[in-house]
Amino acid sequence: MVSRRSFLGRAAALGLSFSLPALTARAVERRGSERPMSLITLWMQGGPSQLETWDPHPGTPIGGPTTAIDTTVPGLRIASTFPKMAEMMHHTSVIRSLVSKEGDHERGSYHVLTGYRPDPTVVHPSVGAVLSHELPATGVEIPLHISLAGGAGFTLPRGGYLGDEYDAFRIYEPGRGLINMRSRVGDSRTDRRRDGLAVVERAFQAGRTRPASETLHRQMLDKAVAMMSSEQLTAFDIDKEPAAVAAAYGDTRFGRGCLVARRLVETGVRSVQVVLDGFDTHTDNFEGCKTQAAILDPALATLLNDLAQRDLLASTIVLCIGEFGRTPRINPLDGRDHWPGGFSCVIAGGGLKTGVVVGATDPEGLRREPERPVPIADLYTTLFQAMSVDPSREINTPIGRPMKLSEGQAIGELNG
Amino acid sequence: MRLPTVVAPLAVVAAVLGVTGYAVQPPLPDRPLVSADTGGTASTIERLEGLLAKSWSAHGLTAAAPADDLTVLRRLTLALAGTVPSLEEIRRFENDTRPDRLSHWTAQLLNDVRFADYFSERLARAFVGVDGGQFIVFRRDRFTAWLSEQLKKRRPYDEMVRDMIATDGVWTDKPAVNFISAAYANDAFDENKLAGRAVRAFLGQRIDCAQCHDHPFAHWKQSEFEGLAACFGKTRMSIVGVDDGRKTPFEIEDRKTLEKRVIEPAVPFGAEWLPADGSPRKRLAAWVTHPDNRRFDRAIVNRVWGLMFGRPLIADRPVDDLPDPDDPAFNEQNAVLDVLADDFRRHGRDLRRLVAVVAGSSAFRVDSRVPENASGSTAGGCHWEVFPLVRLRPEQVVGSMLQAASIRTIDRNSHLFTRALRFFRERDFVEDFGDPGENELGERVGTVPQALLRMNGELQKDLTEPNPFNATTRIANSAPDPASCVEVAYLICLTRRPTTEESEFFTNRISEASSKKRDEAVADLIWTLFNSTEFSWNH
Chain A
1 MVSRRSFLGR AAALGLSFSL PALTARAVER RGSERPMSLI TLWMQGGPSQ
51 LETWDPHPGT PIGGPTTAID TTVPGLRIAS TFPKMAEMMH HTSVIRSLVS
101 KEGDHERGSY HVLTGYRPDP TVVHPSVGAV LSHELPATGV EIPLHISLAG
151 GAGFTLPRGG YLGDEYDAFR IYEPGRGLIN MRSRVGDSRT DRRRDGLAVV
201 ERAFQAGRTR PASETLHRQM LDKAVAMMSS EQLTAFDIDK EPAAVAAAYG
251 DTRFGRGCLV ARRLVETGVR SVQVVLDGFD THTDNFEGCK TQAAILDPAL
301 ATLLNDLAQR DLLASTIVLC IGEFGRTPRI NPLDGRDHWP GGFSCVIAGG
351 GLKTGVVVGA TDPEGLRREP ERPVPIADLY TTLFQAMSVD PSREINTPIG
401 RPMKLSEGQA IGELNG
Chain B
1 MRLPTVVAPL AVVAAVLGVT GYAVQPPLPD RPLVSADTGG TASTIERLEG
51 LLAKSWSAHG LTAAAPADDL TVLRRLTLAL AGTVPSLEEI RRFENDTRPD
101 RLSHWTAQLL NDVRFADYFS ERLARAFVGV DGGQFIVFRR DRFTAWLSEQ
151 LKKRRPYDEM VRDMIATDGV WTDKPAVNFI SAAYANDAFD ENKLAGRAVR
201 AFLGQRIDCA QCHDHPFAHW KQSEFEGLAA CFGKTRMSIV GVDDGRKTPF
251 EIEDRKTLEK RVIEPAVPFG AEWLPADGSP RKRLAAWVTH PDNRRFDRAI
301 VNRVWGLMFG RPLIADRPVD DLPDPDDPAF NEQNAVLDVL ADDFRRHGRD
351 LRRLVAVVAG SSAFRVDSRV PENASGSTAG GCHWEVFPLV RLRPEQVVGS
401 MLQAASIRTI DRNSHLFTRA LRFFRERDFV EDFGDPGENE LGERVGTVPQ
451 ALLRMNGELQ KDLTEPNPFN ATTRIANSAP DPASCVEVAY LICLTRRPTT
501 EESEFFTNRI SEASSKKRDE AVADLIWTLF NSTEFSWNH
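Protein chains in written order, with this note's numbering: chain A, 1 to 416; chain B, 1 to 539.
Any given hint might turn out to be false.
[As the list claims (entries may be wrong)] Calculated cross-link-like contacts (lysine-lysine; reagent style DSS-like; alpha-carbon spacing at most 27 Å):
{"id": "1", "chain 1": "A", "residue 1": "Lys101", "chain 2": "B", "residue 2": "Lys260"}
{"id": "2", "chain 1": "B", "residue 1": "Lys152", "chain 2": "B", "residue 2": "Lys247"}
{"id": "3", "chain 1": "B", "residue 1": "Lys461", "chain 2": "A", "residue 2": "Lys223"}
{"id": "4", "chain 1": "B", "residue 1": "Lys234", "chain 2": "B", "residue 2": "Lys247"}
{"id": "5", "chain 1": "A", "residue 1": "Lys101", "chain 2": "B", "residue 2": "Lys174"}
{"id": "6", "chain 1": "A", "residue 1": "Lys101", "chain 2": "B", "residue 2": "Lys234"}
{"id": "7", "chain 1": "A", "residue 1": "Lys101", "chain 2": "B", "residue 2": "Lys247"}
{"id": "8", "chain 1": "B", "residue 1": "Lys221", "chain 2": "B", "residue 2": "Lys260"}
{"id": "9", "chain 1": "B", "residue 1": "Lys282", "chain 2": "B", "residue 2": "Lys174"}
{"id": "10", "chain 1": "B", "residue 1": "Lys247", "chain 2": "B", "residue 2": "Lys174"}
{"id": "11", "chain 1": "B", "residue 1": "Lys282", "chain 2": "B", "residue 2": "Lys234"}
{"id": "12", "chain 1": "B", "residue 1": "Lys260", "chain 2": "B", "residue 2": "Lys282"}
{"id": "13", "chain 1": "A", "residue 1": "Lys404", "chain 2": "B", "residue 2": "Lys221"}
{"id": "14", "chain 1": "B", "residue 1": "Lys234", "chain 2": "B", "residue 2": "Lys174"}
No lab work stands behind these hints, which were simulated from the structure alone.
Whenever a hint applies, use it, and build me the whole structure from the sequences.
Next comes the structure, spelled out in structure tokens:
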């Protein structure tokens, strides 16, 4: 890795316009209400069954073999495969009546990531991109919008009309080293390569001064180099975390991802997505959900506990959600199919009310529409308000079409 | 799927055979070359240049000087084959003494399988997008292969479009049907999506906004959108694939009154071009491609121009949002479009001829540099007096890296192994790099992850670090002296020779290196060139 000093010297020698921000007000030392807000989205890829997580209906025709347990919120029962979360539900609220019109993975993911339905003439920014755009952070040298993701069929949260630079920075294997972050050759060769670059750039600039600088090619390169040499990269490492902490999150990609997410939030990253895939349970839903719960339960419970212990929960919203839910009807393969008409999410932190249960689905599974339906846009309007971002602010898309950050009504029950 | 090392198992080759179906295709018969002036493209080019010149003088612009032939060859190969030219091609080109060798090379590239394959992929983005869709009813690979076949056969574009809109059948057997089946989601056809896409892709009009409300800028009405959507109102998925046999009437729920209204197929203008008989999709197809429907030819001209320059002819609007044909504010630009559109219509709507006309024009051949004291230059390429700087697409970047590292031209005649590597590397790299999707002709800059990938990525390492398979070792071992090493590296990466300053700088670097480290010095040079602005931007 190129040392910070060597880079700075190099940058000065080449007269690069880029300068590194001061590291004085370190986000990592701030706590409580002083901290800027962050969002951690736990993305349940594939569409998690609401009936096997936060909205079980045991003993009904649609309930299947899933049983329910009491939680620290009186009257709130969740699937018994979540014993650790049962002890943590007082930190959270549950929405059981999310509704969407998108029952396809790609379209559903787009909708839940952005709050907007797919529109062929515009690409909406994901919520994480909007937050990094609206709430820039000084002193943070690593990307503000990060996705800790693996698995096939994954949809990267994009910057959309805000620009590709707001795309989530993707980490494939959280806690297992960073890809492309180190030069493949030693320091001296790396330096020689960059010296050479200045010569080539000069030749290209000739006669193209303005258009060439407008490409921002060099700025992106310099930013990348700054990131490669940043001390804040240690936020991605979990080696120094106590073994007990790492064990509590679970020795899984998702568990490690949740731990890294906490560290990133401490460093000042605005939006982190941690992906858990494997929820597309068209067959063998109940066994599949048990496997998933065994990963999700310790990771989410430990994350909430950890954030609360470190006084970070007031400034961090944790949202556990997937692209849709699953059918009340159990299909002949013991599976459940896609169901965008009444599914669940768990939301915690950020000063939102806790212990609230919004909406309800029909225990018989006969009515398609849940009680108190909540469109996805309402969820994000609530979330933006909690993070002091005005959801009604309009941004002009590249074709001059004004677009609100989020359409929809705040969910009154969650306003703290 | 990630390919970890250079040396891939044979399984990769087998997979490529399976995935791409290359193996089952017979070798292409020799086709007559498009002659250099393609049956009188000269007069069209002259008219085009006359209009452009008029616009430059009207705006007080000075046109840039003609670019040198190698620069144009680079643009041409990037536009038509998706890579920079190989050293092999550069050498042959430089030995070509024919007058106007660029036109000969355009014709040659248009007959190259690389053109049909690459261009069909680019066009497919406009027609069916980039999403995987529902695999069971949508096969993007079949659709792209079909498009490629049509380009090879020089099938008239209007026939292709009629196939896409109106064909019945199964998406595997009748690949054009994928245009329709791409809009199958949530167990139903999305008539709005189909109507919106058909009008955007084939007529260059954004009418989608009218789905929910009247278009804020143009005079499209919601009712007009509904009529277009109704053209797909009989489309259904049956046991024999897609057909127009739906029995129930096409109804729309009014957003205000929530009452259902039956909507009949209708078109927003040119009602006289809509035939009275036939299935709704056949009628729509006839209307879209009607000889009097000027938007049809203009739209594809604007798009093909966009694919070649990286920016559509009407550069300040999205590629699929043309001004109205009679909008006086756009007289100048519409006139330019019409020169090309008329030529296209008069000559059998042959996409290859259209490409040849554009590539032969001075707009495609001017420099991207302007004299520092040039008057009133916009340098943005809006009037085409200077070639715009446009960021290359991810597959152009990776294609160019692979091509540069291989010396020989990579095409279907290459060894299977080389093609297999190319196939997988492109997929991995494009995924990591971030695919701009359908909005590929929008303005965009690079990102930090892309810079990291280019600087430190595995592909970059495999292609630059000395190994027996790549150009680094071959250049270091076979170039007679350090200066030739530098020259060859510049030619394979940037399709030009180094300036004096560059040549001196890098020749010194290589001379300083011990003979054992010479390949390292060459690797460093190639790394540097790969990471330059010049490499990643069309110019």
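Consistency of the hints with the structure:
{"no.": "1", "hint": "Lys101(A) with Lys260(B)", "verdict": "holds, 19 Å"}
{"no.": "2", "hint": "Lys152(B) with Lys247(B)", "verdict": "violated, 39 Å"}
{"no.": "3", "hint": "Lys461(B) with Lys223(A)", "verdict": "holds, 21 Å"}
{"no.": "4", "hint": "Lys234(B) with Lys247(B)", "verdict": "holds, 7 Å"}
{"no.": "5", "hint": "Lys101(A) with Lys174(B)", "verdict": "violated, 30 Å"}
{"no.": "6", "hint": "Lys101(A) with Lys234(B)", "verdict": "holds, 22 Å"}
{"no.": "7", "hint": "Lys101(A) with Lys247(B)", "verdict": "holds, 25 Å"}
{"no.": "8", "hint": "Lys221(B) with Lys260(B)", "verdict": "holds, 18 Å"}
{"no.": "9", "hint": "Lys282(B) with Lys174(B)", "verdict": "holds, 16 Å"}
{"no.": "10", "hint": "Lys247(B) with Lys174(B)", "verdict": "holds, 23 Å"}
{"no.": "11", "hint": "Lys282(B) with Lys234(B)", "verdict": "holds, 11 Å"}
{"no.": "12", "hint": "Lys260(B) with Lys282(B)", "verdict": "holds, 26 Å"}
{"no.": "13", "hint": "Lys404(A) with Lys221(B)", "verdict": "holds, 23 Å"}
{"no.": "14", "hint": "Lys234(B) with Lys174(B)", "verdict": "holds, 19 Å"}
Taken one by one, the earlier hints fail for this structure at numbers 2 and 5, listed in ascending order.
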